[in-house]
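Assemble the whole structure, with the sequences as input and the hints as a guide.
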Amino acid sequence: GSAELGTTSLVETSVRLIAALQDASGAYPASPTFSAYAGYCWLRDGAFIADAMSAAGEFESAERFFAWCAHVIDSQTDVIGHVARERAAGRIPAQATMPPTRFTLAGEVGTDHWWDFQTDGYGTWLWALSEHERRGGHVSDQWLSAVR
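Each residue of the sequence shown is one higher than the one before, starting from 1 at the first, in full-length UniProt numbering.
Keep in mind the hints are simulated off the structure, nothing from the lab.
Don't be surprised by glycine CBs; every beta carbon is placed ideally from N, CA and C.
It cannot be assumed that every hint is accurate.
Taking CB as the label site, the calculated pair distances span [said to hold, decoys possible]:
id : residue 1 : residue 2 : range
1  : Phe34     : Ala106    : 16 to 22 Å
2  : Gly90     : Asp112    : 32 to 38 Å
3  : Asp120    : Ala56     : 21 to 27 Å
4  : Trp115    : Val11     : 30 to 36 Å
5  : Ala24     : Arg134    : 25 to 31 Å
6  : Thr7      : Thr97     : 41 to 47 Å
7  : Leu17     : Asp112    : 23 to 29 Å
The following block contains the structure:
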């Protein structure tokens with residue numbers, strides 16, 4: 001009925017909007033209009049967007065985001081290694097030593113002096129990537145270092 005047509009239209013419009021706003025780097029911007037978020041992408045939020053795009057059959061868009069994530073995660077190898085060593089030693093890492101949750105669209109760590117701590121972004125990215133693969137999407141060997 002008409003509810004189905006409305007839902008289909010909403011999904012199609014959402015997919016077009018997300019695709020149009022996706023940065024050339026592959027990142028999904030946090031907000032195109034809210035100045036505090038301009039130029040940033042959050043791993044968790046972007047992972048949910050990539051999952052939606054993958055579920056909608058927009059594999060290329062999702063894969064561009066996954067590649068962007070792999071790049072930014074690989075750039076945090078030392079930080080992630082420190083956290084892993086602290087946990088292996090039975091210690092809880094200080095919040096200031098945790099990997100960032102948001103990055104600039106260019107994949108750099110932001111320099112704004114405001115809260116940048118969420119523990120779920122990296123795991124959410126892994127979940128979205130595995131769901132994408134389950135749907136038949138491509139997972140590049142180049143991303144495996146970020147997965148490890």
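Honestly, which of those hints from before does the structure not fit? Going through the list in order, the structure violates no hint and respects every one.
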